[in-house]
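**Student:** Those sequence lines, one after another, are chains A, B and C.
Following the working numbering, the numbering of the first sequence begins with 3 at its first residue and continues without gaps.
Following the working numbering, the numbering of the second sequence begins with 457 at its first residue and continues without gaps.
Following the working numbering, the numbering of the third sequence begins with 88 at its first residue and continues without gaps.
Hints were generated in silico from the structure; no laboratory data involved.
It should be emphasised that the depicted structure is a prediction, and the values quoted were computed from it without experimental measurement.
Some, not all, of what chain C presents toward chain B, calculated at C-beta under 7 angstroms:
no., residue
1, I337
2, A340
3, A347
4, V357
5, Y361
6, L363
7, A367
8, A368
The C-beta atom is built at its ideal place from N, Cα and C for all residues, glycine as well.
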Amino acid sequence: MKTARYLLPVLCLLTITPAFGQVAEGGDFMHSIGKIYVVLAVVLAIFIAIILFLVFLERKLTKLENQIQQND
Amino acid sequence: MQLIREIGFLLQKEFTLEWRQKYAISGILLYVLSTVYIVYSSFTKLEPAIWNIQFWVIILFASVSAVVKSFQQESGQRQLYYYSLANPLAVLLSKMLYNTLLLLFLSILAYLALSLVAGNQVQQARPFALALLLGSLGFSITFTFVSAIASKASNSATLMAILSFPLIIPVLMTLIKMTAAAVTTANPAAIDLREDLLTLVAIDLLLLGAALALFPFLWRD
Amino acid sequence: MLKHWWKILGVAILFYVFVAGLLVPLKTGISAVSPQKVAPGESFTLEVTGYNSRYTQAQGQIRAWLKQDEAHALAAGSVTVLDDRRLQLAFAMPEYLPSDKKVQVLTLLIDDPVDGAHVLPSAMFVTQDSIAPGLAGSAWTAHPVEGLHEEWTMSYPFRNILQETIRNAYFHIPMWFAMIFIFIGAVISSVRYLRKFDPQDDLKAAAFTRVGILYGIMGLVTGAIWAKNTWGAYWSGDIKQNMTAIALLIYLAYFVLRNAFEDPDKKARVAAVYNLFSFAALIPLIYVVPRLYDSLHPGSGGNPALGGEDLDNTMRLVFYPAIIGWTLLGLWIAQLLYRADRLRDRLWMNA
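Build out the structure end to end from the sequences listed, making use of the hints.
**Tutor:** What follows is the structure, encoded as structure tokens:
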């Protein structure tokens with residue numbers, strides 16, 4: 003179960019990245035303005051990964067809080 | 457000196473045990489033969505490059521199944537008995553040595569069987585033989601140590617594969633690259649073995665050093 | 088506040104990396120020319136598309152050459168500025184080239200006081216039927232390449248395939264460095280665990296390993312996006328991509344191993360042993376094996392592409408801080424994970 007939760011962000015990222023690719027193949031969007039949108043996509047990917055990590059940490063802490071309440 | 461004597465005794469014990477439980481070794485032999493036959497019947501005609509890769513894949517899987525039992529076959533009490541008598545390094549080294557010999561035997565057998573059904577594709581014997589030797593050594597070091605780790609857990613057979621396959625890839629890739637040259641060209645001047653050999657020896661020594669340093673921590677229970 | 092100084096430092100450095108990495112402009116470059124093939128003796132007009140160029144400001148002062156080597160360059164007869172981005176250069180290719188090659192590759196060099204000198208390597212291919220370097224004539228040496236405007240400006244180099252994506256050097260490459268540093272942190276914690284058997288060191292090692300995996304995944308994903316738009320495929324089976332994927336497999340197996348144990352002491356001990364052994368296996372994976380194979384990554388064939396030799400001095404000013412910044416951020420994330428795990432263990436003990 004723990005490993006499954008670990009893999010979730012990976013799977014999410016894998017489904018997001020092809021979305022960028024489709025735009026690139028459809029038009030010239032990714033290659034316009036000196037390919038600056040590639041940099042945007044890379045920065046967004048890092049941002050999404052960190053947000054997913056925060057969600058993971060949030061759930062972990064919520065669990066701990068529930069446990070503390072049960073103990074009291 | 458004491459260490460070498462202990463290794464000698466333990467090695468003898470490994471051979472005796474293997475001889476008594478003939479089903480284990482014969483199972484592995486049958487495993488090699490049937491994989492070779494499956495490879496042969498699914499490809500029928502093997503290109504040299506494919507032959508090379510198939511050979512190492514067969515060795516890889518046979519090695520894992522041959523080595524996985526190293527630390528499991530011994531029951532708790534017997535292990536306790538060894539541990540009170542022998543140096544941990546002697547136990548590990550004797551098992552590694554035994555497994556190296558076993559894997560060398562297995563790879564020669566796989567080579568003979570594959571040559572029989574798919575033709576002998578090796579054009580240069582010397583680099584190929586060196587690769588077999590260093591490959592058996594590297595596989596034996598990694599797999600023996602990982603089997604020691606995996607034997608601490610309950611479902612160790614699956615764990616063994618998960619833990620050891622990623623770890624063995626550097627050794628495997630260097631081996632495949634080294635023998636690819638021996639299989640595809642007949643000209644001995646065309647291949648420069650020094651770099652690959654150095655890499656393999658370095659990796660083997662590194663893993664051996666790490667295994668020797670870490671084994672005493674696995675040992676105490 | 089004082090004990091958080093390194094987190095503040097890491098965030099400040101990353102802030103600098105994002106601002107400088109995204110705002111500093113690229114140097115002027117040449118993104119396209121046409122035609123790309125001419126025959127000797129032909130007079131032609133070369134259409135040039137510049138990048139980040141200000142040709143209208145430089146009008147009248149633009150000079151251009153088709154350069155064969157240091158001694159031989161053919162100057163443009165006339166330069167017409169269409170707009171800031173487009174130039175028309177008139178060239179008269181002589182009958183003979185000062186070269187004994189059948190196909191000679193020429194480099195386009197443009198110089199003006201506003202944008203400075205900028206080049207396009209392999210801009211033009213000339214196929215000559217009769218090779219006679221002796222007959223090349225004075226056209227190749229009459230206007231030597233002199234007096235170039237090469238002032239230092241705060242800008243990143245222009246590379247034709249990379250273009251603006253050269254900025255990814257601050258967001259993709261440091262992931263890999265930070266991953267290694269954080270795995271080294273896990274190694275140190277594992278060693279400390281095996282010396283003192285303090286369960287907290289085990290929790291630290293696990294937290295470091297998690298963050299290392301996070302960074303490895305970020306490196307692979309950002310690399311895939313970058314590769315798609317420069318090399319043409321998300322996954323090109325490049326040796327460095329494979330190696331990172333294998334490193335991730337090794338460390339994911341670390342967590343499978345941890346979950347296989349019930350007894351916390353045994354779990355911590357075996358996990359520390361595996362962590363150290365797998366790091367030993369990772370060293371050849373990262374530093375030795377990539378040297379044996381060709382790679383699309385820069386610096387392949389003999390060095391593991393630390394990125395250093397492909398950076399100019401301006402990029403170093405951002406690249407090295409980026410490594411430190413991402414590593415500090417990773418340490419912060421690891422500390423949060425470790426603290427959450429420690430809380431969980433305290434609760435278990437009290438319950």
